[in-house]
Structures are given as structure tokens and as C-alpha cells.
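Peer 1: Below, each chain spelled out in residue letters.
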Amino acid sequence: DAGITQSPRHKVTETGTPVTLRCHQTENHRYMYWYRQDPGHGLRLIHYSYGVKDTDKGEVSDGYSVSRSKTEDFLLTLESATSSQTSVYFCAINRGDISEQFFGPGTRLTVL
Amino acid sequence: KNQVEQSPQSLIILEGKNCTLQCNYTVSPFSNLRWYKQDTGRGPVSLTIMTFSENTKSNGRYTATLDADTKQSSLHITASQLSDSASYICVVSPRTGNQFYFGTGTSLTVIP
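Residue numbers (our numbering), protein chains in the order written: chain H, 1 to 112; chain F, 1001 to 1112.
Treat the hints with care, since some could be wrong.
[Unchecked claim] Okay, derived cross-link-like pairs now, DSBU-like style, lysine-lysine, Cα gap no bigger than 30 Å in a straight line: (1) Lys1001(F) / Lys1057(F); (2) Lys70(H) / Lys53(H); (3) Lys57(H) / Lys1001(F); (4) Lys57(H) / Lys1071(F).
Calculated from the structure, these hints are not laboratory results.
Take the sequences, apply the hints, and build the full model.
Peer 2: Below, the structure written as C-alpha cells:
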């Protein structure tokens, strides 16, 4: 599992509430990513980070914000959750010379 | 536009049979292509990584091929097992930038 954990693993929340998902790595890798996975769309990049306090947007960043105050933690926040954000969220890191990604176990989020 | 397309979308085969999954891409300039296996409820795990100069690479019963001229890759699974039931995702990296381009995956079901 490349030392990646995600929390929580499952969450059910209501529309309009804030939600924060956490990704934690134990290997001090520079690059970390947040993806969402939905049927028919595959994995889509939300945000990524290339260092502490250094982040950039992906293709589906609207409605999401991220923070990285420590190398090991990358947080994804939904300021006001909507039903369209019901999805499975994966965190990933890059490790090695060839940019191979290693994924966490995922967080299943349901917004009612 | 950089895209990755996979076919078929889903596939059902008998245990012990072989199968081939396809991946076509338009990502340019090309750096490398990976095949991932994603078991239900888990994050994707890399099977093979192929660079521009590689035509074939094997990982046990999995053999990936790459034709950089036609921008096509295939993943051949030999003597399928029930544990091969999963989604197989093709991911292409460009030579520049920090993003990856994901196919929507092929869902493989191996039945006894």
C-alpha cells in the first residue's frame, strides 16, 4: 500500500455540510494527488501538490480546496458538499524515477 | 486533446481462457504508459510500465504491448484465474507536466 492511508474510509453527510478527507503518507514523497472515481468517467484529478504549501488544480477542482501544511498530509475539503460530489476519492503519491503512482485505499463519500 | 480510450468496456471469460484488453491514446508528447489493476473496493495497483522504446513487457501471466507509432497498447492475460476479476486501467503520461491521463477501464469478470 506504499504507506498511504486515507481517513475516513466511509462517510455519509448531508448537502451543504463541510467535509474534510485526509491522506497520510509515511515516506516523505513530494507529489501527492487527489482523484475522484465515478462510473463511466474513470479517475479524474481534483488537485495535486508538489510540496508543502504548493498545490495546483486538476480538471475537476470546482467545489474543492486542498491544503498541505506538512509533507505527510494532504487534505481535501468540500466547503459545502453537494450530491454531485458523491463519489469514491483516491489519494495517490509518486514514487521512484519513473512517475508511477501509488494509490491509497479510497474514501467512499455519500452526500444526501 | 489528450485522451485515452479503452475497449471493451466490460468482458466476461471462462476461467483458464486468455483475453486481450485494448488501449488507444492521443497523449503527446508521450513518455510512458502503465496498466493498473483495480480490485473492487481498492485502489489501483500498477501491473506494468512501458516507455517509448519498449514493445513488450511481461509480469507473470500479464503481457503488455506498445506500438508507439499507432499509439496503441494491449494487455494480454494468459490462463485467466478467478482472481483476475477486476477493472484494468490504462494510464498515459506525457513528457511534460505533472498530470496523468486515465482511461475509463475495462471490467473483467472471470467465471468458473
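Peer 1: For every hint, state whether the structure bears it out.
Peer 2: Outcome of the hint check:
| no. | hint | verdict |
| --- | --- | --- |
| 1 | Lys1001(F) / Lys1057(F) | 28 Å, holds |
| 2 | Lys70(H) / Lys53(H) | 8 Å, holds |
| 3 | Lys57(H) / Lys1001(F) | 18 Å, holds |
| 4 | Lys57(H) / Lys1071(F) | 28 Å, holds |
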